[in-house]
Structure formats: C-alpha cells, structure tokens
Amino acid sequence: MSAAPVELPRWADIALVPLVSVAAALLVAGLVVIGIGENPLEATALLLRGALGSTEGIGFTLYYATNFIFTGLAVAVAFHAGLFNIGGEGQATVAGIAMAIVCLALPTLPGFLAAPFAILGAAAGGALWAFIPGWLQAKRGSHVVITTIMLNFVAATLIVYLLREVIGKPGSMQPETPDFPAGAILTPMHQLLAPLGLKLPSTPLNSAFFLALMALVAVWLLIWRTRLGYAIRTVGANPRAAAYAGISPATVTMIAMAISGALAGGLAVNEALGVQHRLVLDFTAGYGFVGIAVALMGRGHPVGVGLAALLFGVLYQGGAELSFDKPAITRDMVVVIGGVLVLFAGALDGLFRRLVASVLRTGRGAA
Amino acid sequence: MSSAPAIALIGISKRFGPVAANRDVSLSVAAGSIHGIVGENGAGKSTLMSILYGFYEADAGEIRIAGEPRRIRSSADAIAAGIGMVHQHFMLVETLSVVENVVLGAEGGAFLKGGVGKARAALAKLSQDYGLAIDPDAIVGELSVGLQQRVEILKALYRGAEILILDEPTAVLTPAEADQLFALLRALKAQGKTVILITHKLREIMDVTDRVSVMRRGEMVAHVATAETSPPALAEAMVGRRVLLRVEKQPRARGAPVLEAVGLSCRDGRGTETLKDVNLTLHAGEIVGIAGVAGNGQSELLEVLAGLIQPSRGVIRLGGQILAAADRHPARMRDLGLMHIPEDRHRSGLVTAFSAAENAILGYQHDPAFGSGPLLSPARIEAHAREAFAAYDVRPPDPALKTAKFSGGNQQKIVLAREIERGPKVLLVGQPTRGVDIGAIEFIHRRLVALRDAGVAILLVSVELEEVMALSDRIIAMCGGRITGERAAEKADERDLGLLMAGVTDEAA
Amino acid sequence: MDLLQLIAVILDSTIRLSIPLICAAMAGLWSERAGVVDIGLEGKMLIAAFASAVAAFVTGSAWIGLGAGILAALALALVHGFAAITWRGNQIVSGVAINMLAAGLTVILGNAWYGQGGRTPSLEGAARFGEISLPFARWARENVPGLGLIYDEVVSGHGAPAYLALLCVIVTAFVLKRTRFGLRIRAVGENPAAVDTAGISVAGLRYGAVAICGVLCGIGGTYLAVAQSAGFLPHMTAGRGFIALAAVIFANWRPWPALGACLLFGLLDAVAIRLQGVTLPGIGLVPVEAIQALPYLMTIVLLAGFIGKATPPKASGLPYVKER
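Residue numbers (my numbering), protein chains in the order written: chain C, 1 to 367; chain S, 1001 to 1509; chain L, 2001 to 2324.
Since the hints were made in silico from the structure, they are not lab data.
A hint or two may mislead.
Below, in silico cross-link-like pairs of lysine to any residue (SDA-like), each with a Cα-Cα straight-line distance of 20 angstroms or less [claimed, not checked]:
(1) L:2322 to S:1016
(2) L:2177 to L:2257
(3) S:1402 to C:14
(4) S:1405 to C:12
Examples of chain L residues toward chain C, derived with CB under 7 angstroms [stated by the list, open to error]:
(5) 2103
(6) 2111
(7) 2238
(8) 2299
Note that the structure is a prediction, hence the values are computed from the model and not measured.
Each residue gets a CB set at the ideal place from its N, CA and C atoms; glycine is no exception.
Could you build all of it, start to finish, from the sequences and the hints given here?
The following block contains the structure:
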C-alpha cells in the first residue's frame, strides 16, 4: 500500500498496463452482460461483427473514432500541461455555436473557403470556452476542474437559448439551426473515394476523419517536437523547474487550455459539418467525457489516443449493432466500459502498475 | 523515583534501501534532564527521533521507557508511552483554535464540550505553571511562529508527556523567542520532565543541556556531560577527523565588478522580510562564498539575483547596467550572461521525468541551436547532450535515459554542464555538492575554480562551511536575511565565521 | 391573497427542488472537509435513484427503496475511497469514472429489466413516499392568516426523505462543530499530518467521511426517484450533483451557508420553471436559461475571487503520504 511509484520496464509501462486495464474493464462489462442474463462471448462476437465485419460497419466505427480522437486529444494536451480539462462537452458545444454562426453569417462564401472558415470558427469557439478557465486558473487561482464543469452547464443552457431564440431554424419546433450552406459541408467518405474507383457504402464517415488524423500528427509534433510543447511538458511535470527555466506557467496554462478547447471543437466539425449539416441540440452526446477515458488509456500519447479512439469506435458501432440483436444491451454499455476504464487506467493506475509489476517479478523469479 | 533512565535506546539500526540512516545507535537519557543531540545534516538525528515517535519502526534494537521495553509502532504508541514531540514543521491545524488543536486526539469523549472545558482549565494551569500565556480561542494560523511552537508544546504537555522531544526548535525563532523557549525548557526540567533537544547549534547545547550526544553518519560517536565539553570539541566530534577538503587554487587578482546588489530587500508570501538591505559586489574572476545556517536568506538572495523572485526594495546592477523589472526574469538573465545552478536540483533544476538530453536544454529551449523556428530538433538536442556529457564525464553518457535514473552526482553534472558550457559572466551556485558522491564533489570543485580562473564571477551558497572556506576568495556571512560580516578567505576561521553566522556582527563584537 | 398563494407555491417548489441539492451538498461537504474531493456526487445520486426505484417497485416499500438507494450510493462511495484513499489515485479522475459508471449502468440495467428505455415502472401507494402532513397544518391554514398557509404549503406536505435531509443538515452542523469526530474531520482535511502525529488514523477518518457522503447521496437520490417522482428516469439527476458542489463552494464548505445556497439555487430553479414561456413587460420572453445558468456562473465568479473568496480545506484533493 505504499505510494512509491512502481518502476516498470518501458514496454510494460506503455503497452502492458493499459492492456491489462482494458482487459479488466472488459471483464467487468462481461460481468454486467452476464448480470442481465446474456452471454458475453456471444455479445462480443456480435459486437465485433457489427463493428468490423463489413465495410459499412468499419465506416461507422471510424466515424465514431473521429469524435473520440478529437475529444481524447483535447484531454491529452491539457494533461501534458498538468491540467485536467473536463470541459470537452462545453467546449465542443460552443465550438458548434461559433461554427453555426460562421456558416449562417457567411452563406455566400465560395465553397473552398466556407469549410475552412467554419472549421476555424469551431476551433476558435472551443478555444475561447477553454481559455476562460485557463485564464481563471492562471490569473485568478480558480481550479480548471471546477470551472470547466460549471462552463459545461453554462454552454448547455446557452445552446438551448440560442437555438430557440437566435440561430434556430425559423418555424421549426426542433432545437436546430437551418441547414448549413452546401459549400461548408464536409464531403462524405464514399463520395470522396468514389473517383478512386472505391465503391463504399454510405456511412457518416467524412473528411473530418482526415482532419482527426492530421490532429493526431499535429499534437505529436506539438508536444514532442516544438519549443512550445517542451514548455507545456515542463509546466506539467515540474512548474518550479519551468519558472527556473524562464517559462511562465500562467501563460502556458492559458495556451494549453486554448489548444485543448480547439481540439474539442473537432467534435462539432465531425458531427455538425460532416454528418448533421446543421447544429442540433445535444450533439456532443457524452463524447467529451469518453474522451477522458481515451486520453487516460492512450497515456496522453497520440498513438495511444488513436488506438483508444479506435477501440471506443468499435465499442460504439458494435454496441449499436449489438443492441439490435440484443435489445437488453444498449449502447450505454460503452459508457460503463468508459467509466470502468477511467477508474482502472486513471484513478487505480497505482493498483494496476503494482499488479503488473508483481506478475512480472514472479515471472522472472520462476524463469 | 526509579533510577532507570527515562529513555534507553539499545542498538537501534535503520536502513532505507542501501543507506544506513542509523547504525547500532544506543542512547541513554536520564529522567529530569535536558539532553542534547547534535550532528550535521543527514547524521541520522531525525531518523532516530522518528523511530522513537513511531513514524518508522527500527530494523533492529530496543526501546526502553523508564526501564520498560516498549514497542512503538505508531504515534499513538509513543503518546501512550508519555512521549511528546515538537516537530520542526509544526503539526498544527491552522484553521482550528488553540484549544481545538490541543485536544485533537485527546478529546476525552465523543462530544467536545466536556473535553474542551477540561482542556481550557488545564491550559490555564499550564500557562500559570510555566508562564505560557496564550489565548485558547485564538486561531492557530493567526499566531506568530513562536506562539505556534508554544501550542505544540502545550499539546504534548496536555497529553501528559513526560518526555519532550524538540527537533531544531530554534530554527524558526528569533533570538528573544529562543531565550523564552530555553527558559521554558529549564522550567520543565525543574518539574521533573525529560527534554531531548535536537539541534546543530552548539551555542544552544552549551546553554541549556545537561548532557549531549553526538551523531555522525548514522552512528553515535560521543556522549558527554555538557559541563565537561566545549564547542570546538563538539564540532570536532560532529565532523570527525576527516580529511579536510583542499582545492588546488592559485591566488588571482580579481577583475572589474560584474554584479552588484544595492540595498536589496525581499518579503515572502506571508510578508516576512527574508532579505534585509543586502549590499554585495561580485567581481570577475572571484568566488564569493555565502556562509550561513540554512534559512537565513541565502536562498532568497540567489533567487532574487536569478530573477525568480522580485525584490521589495533595492537595485541589481549587471555589467554596470541597472536591471529594469522586465530584465529581472530568468530567461532574460540568462541572455545577459547570468547563469544559475539552483540549490535543489530536484525541485527546480531538473525535470526528472524528462530524458537527460531534454534536461540539458532546460532554460535554453529557445536557443536557435536546438532547432529551427518553433520546432526543436531531437537530433541536435541529443548531439548537444552527448558532447556535454562527454566533457563533464556524466555517467552513463546516455542522453535518452530518464534523468531520475542518474545518480545525484551525475544529475548535478548535467545541471553544471548546462549552465557552464555557454560561458557565463556570472554564475550563481547553490549547494553544488548536496547529495553528491566524493568523486563528483572533487570534479565539481575543480570546474568551479577553473571558471573563476577564466574570469567568471561566482556566487557560492552552501550550508557546508568547509566547502565555502575551501572554494571562496571572499566569504560573506548571513544571518536573519542580513549580511553580518565579510572575511577574506585566507583570514577566515571557523569559529570567527560561526559567530558571524550566529548574528554576532563585527560592530557588536 | 393571490400573491401570498403564489409565493407559497414557489416556496413549496423551492423546497422540493432543494432537497436533493441539500443532501448532495452535505455529502460533498463531508467528503471535502475530510480532504477527499468528490465530483462524483452526481453519479452516486443517480445510482441511488435507480436502486431505490427498483427496490421500491419490487418490494412495494418506499423505505426498503431508501435502504437500497443508500447501499448503492455507499458502494460507489467506497469505490471512490478505495481509489482515492487506499491507492492515492487522482480524486477527480475517480469522480469522473463514478459519474460515467452510474450514467451507463442505470440505463443498461433499467432497460434490461424493464425494457422502457431505462425507466423503471411507476411507483404507487406505499412504494412511494407520500406527503407527510405535519400536525395542525390543515388547522393552521384555515385559522392563521398568511403564516398558516405558508406552514401548510411550504413546511408541511413533503415526503419523509425531505425531512430526513433537513435533519441531516442539523446533524452535520452539530457533528462537525461539536463532536470529537467532527473535530478530527475538520483537522484531517486541513493537515492530515497533524492528525497522524496525534495518533489518529488518517485513512480511517477519510473512509468514514466518504461513507457518510455515500449515505447522504443515497438519501438525495432516493428522494428524486421515490418521493419527488414516481420512478427512475435516465439521467434524472440532470446536473444536481454539480449544483450541489457549487453550493458547497459557495458556502465556503460550511453546513448552514450550504443549506442557504441550496435553497437559493432551488428558488432560482423554481422561479425559472414558473417563468417558462411567460412574457414580462419590458423584458419580453423571460430567458429562463439565464436563470438556470446562474448557479454555475455565480460559482465561477466566486471562485475567481471577484466577490468574496472561496477557501477549500487545505489538504483537499491531496492523497496523504506519510513523510518523516
């Protein structure tokens, strides 16, 4: 029960510990499945078939993974600066609002400009909503955790009001904006790849997926290959050393939060610009929170975040298919798995590291 | 009254990994006496007292309280055995009142009313007996440090402690408060209590103790009656007859003034003045050593000069130019040629989670040499580290290795290499050899002297008086945030410096 | 008399809306005063709402529902304690995990068992906490002008958990201020080392506080599902756990001010519901959302130190690692 950090070989640290926590989380999910009287093996098979068994399934899987890449990266970047951004939902919401305003205010923009402007609008909106808590922590000493939670709710009420009173579709009873101009819409993947001779079924997967892949690379570059990334990591690992090195922890806090929020804005891009083609209420649908699980499981590294996002994509799409066959197992199972993963890979990390270490030790002792 | 000693420790040993903190330590403290334990930092005094107070359990050995063998496995056991401890960092809850702090853990019932009432009466009596006047309803966080210490003592006495351990109690006190404390300790002794006083200040030992035990490197090396010893004899026992540090150093005429501090004062977060009107001039090609007991303003002096904290008053001149507020920033100071080896490499000098190569650019992450534009080049960072590690004999010379995995000496060499290699005009050095092995100490000392010979102005802060004396050309003594005197190194002797460090200034003497 | 009636109705719904907040706020207060940050109040209330609704439906007894609700919330609280105290894990991360777990589990189990999209069947009769009419309520309403109406409408006529919640405030305030346990809790949240050197177990105290936190969340969740509503609805806590957290911050981690903050936030909610779709002269259609966002905005402003100062217990959020 000691708090001394357990020393593990690098490969175990990077791969084995996350894998063990994923396995344990899936085990817990299996127990829940048994608890509601279903067969977990059968459920797993159905889930995998649904997610990966067809091109269509894979398309959906990657579409969900796109959302998780953005929200996972958002949490990861903040982590590197030692910040816990639980405001992904709110930041994506405000990103969506900003994007909608751009789209609706500039309907006459030529196509090749409309989409970039809309994306920039989303990034700016998300960045703004995350900069506020960053600024409040850096300059006023209030903790980002509490302020981002509070701002999630403020954003949730804000979008309700705006969709009803300001940017809502005239005459519609639904809380939604009018359709975005065609130029701003992101191309669906099956259309995008058609000229290459690839015939894909129609899925929500769209070019935002490439944006997500670019974001993965960009975050990797930022964190490990730039001077700013160096400053971010220094502040996250040792704020006193940062001050000694002439890096201002306050400035870095604000910048890292803004970048984090801009990344969360990617969720709005994929959902509103890529799929719905308008802004609807509740489009964030908990993706922001699952992003925390993605970042924790991926250990904050873009490769890990990509893999974890893919896993959650599989769970989401497979879960949706599964719930057709087994109505008892709804997609909320993914939220449970996410929660258990956050617990295992995050809060109980010490326990799992110790478990892995003792298994490795006995293994070595026996050999 | 039995004649058994109040405390007898027999053959206590305690290891932390490879380090033997206590080796076969025995100690006997007579009931109703004041017993001093002295030793240098890291001699094992605190570990021994922590064992006595149940924070650690000894690997071997026996504890006897009033002749009875006792197992003390927790603070609760120690309290039950009649031991009270006043920690160096007070164990007080600042938001609670004095009386609430006193009863904590000894409330005497599920409801506070009775216990607090009883405690009030007891406090009034203790106050009367020992002249410890204190308002029981005052909030502890609002009291002065001296009064907070009084609460700690009252806490122990309220629990019926017969044995009181005080760990460096005067470190945070003003001289007047310290005198009050000693009067109290004598009063406690008169009441038959046993007091153990841990300190490294010999004057205190001579003033109040009956007997004194000396620890060195985890072992008990002497037990003597205070009346039969002297400060020089104790000092010798503390440091041992080890080979004196000798650093090869040729006399050298100092150059022009490079760094000047004029009337520098500084306040900490609580508003206490940590630097008081410090005037200091550093010339090219000299090493100026600051001698002082830890916590007398040396750290603040280094940090102010490095631009890490801002002075409340005073002026810093670098190369003849007065530094504007905007220039008093670590990054700007580095650009101006003032480099800084911080006192605590783990807390601020290194990011131990980073690779060694990454730490070798800490503070220089904006140097164009390490990349282009906003990008950093790992290849260049690694090449730079390889070169630096070879020049400074960092072992293992592996730039990719996590910094936490290097030994203390090699970590310090990484810092040293980083700060020295780009040719500083001024080098601020804090505790250069703390936690560093002998071989590396020599290496570091030679480097510093070579820099001085090359014309660098060096300000050295070290709690190792010997190191200060061996390296410096001039020695400045500090006490309570003030400079209390200056000596040319060749004319300085330990006793003289010790007086200055204790605040006995030249004027007063 | 009409205005009085309106005030009485608004105050009555203020109380109703405040009860879950009060429970959760007292819960958060216990945990955080002991130094364990808890952003999982929401999840614990949610699971309690679900468990109580299920148990009440199955057994037909609201009181058994209450017991089940408390047990469920307690279980999650102990998970939090295990991660935060025993394994010194990140308390925020653990709280997030608990919220997600509860949000997912309740819907899955509800859907698997009752197939109504996560709802539980409606509770009737003894399976639901009825309104308790306090003595003389009817009589006072008829015979004491003004106050009698307020007494009958506002003070009387709530479900048993509501009165239990108010009792919890009194008990919390008393225990924290006047008992040995309370003193130790206050101490351990500020300086665990002081508690440790006084010979008291830091982990034991913190587990105690976390368990109390679970029980109180259990009462709050049960009130939502078995008293205020007649069954469980997915995500029915709707952020109340976080509003309660805001109330705790607002009250500077003190029980009576926390009660005040909860009543204030409840009042805001009641007014917002009342003003839904109402057009006021000069303002137009009342932006109800602005009123709903007010608790959150007020907390942000307070935390930023623009008005007053929020000072959390010094050791909150920090795992206790024994040093020399």
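Comparing the hints with the structure gives:
1. L:2322 to S:1016: holds (15 angstroms)
2. L:2177 to L:2257: With a Cα-Cα distance of about 14 angstroms, the restraint between residue 2177 (chain L) and residue 2257 (chain L) holds, given a limit of 20 angstroms.
3. S:1402 to C:14: holds (15 angstroms)
4. S:1405 to C:12: The hint holds at about 17 angstroms.
5. 2103: Constraint on residue 2103 (chain L) satisfied, holds at 6 angstroms.
6. 2111: holds (5 angstroms)
7. 2238: Residue 2238 (chain L) check fails; min Cβ-Cβ to chain C is 10 angstroms, beyond 7 angstroms.
8. 2299: holds (5 angstroms)
In the structure shown, a violation is registered for the earlier hint numbered 7 alone.
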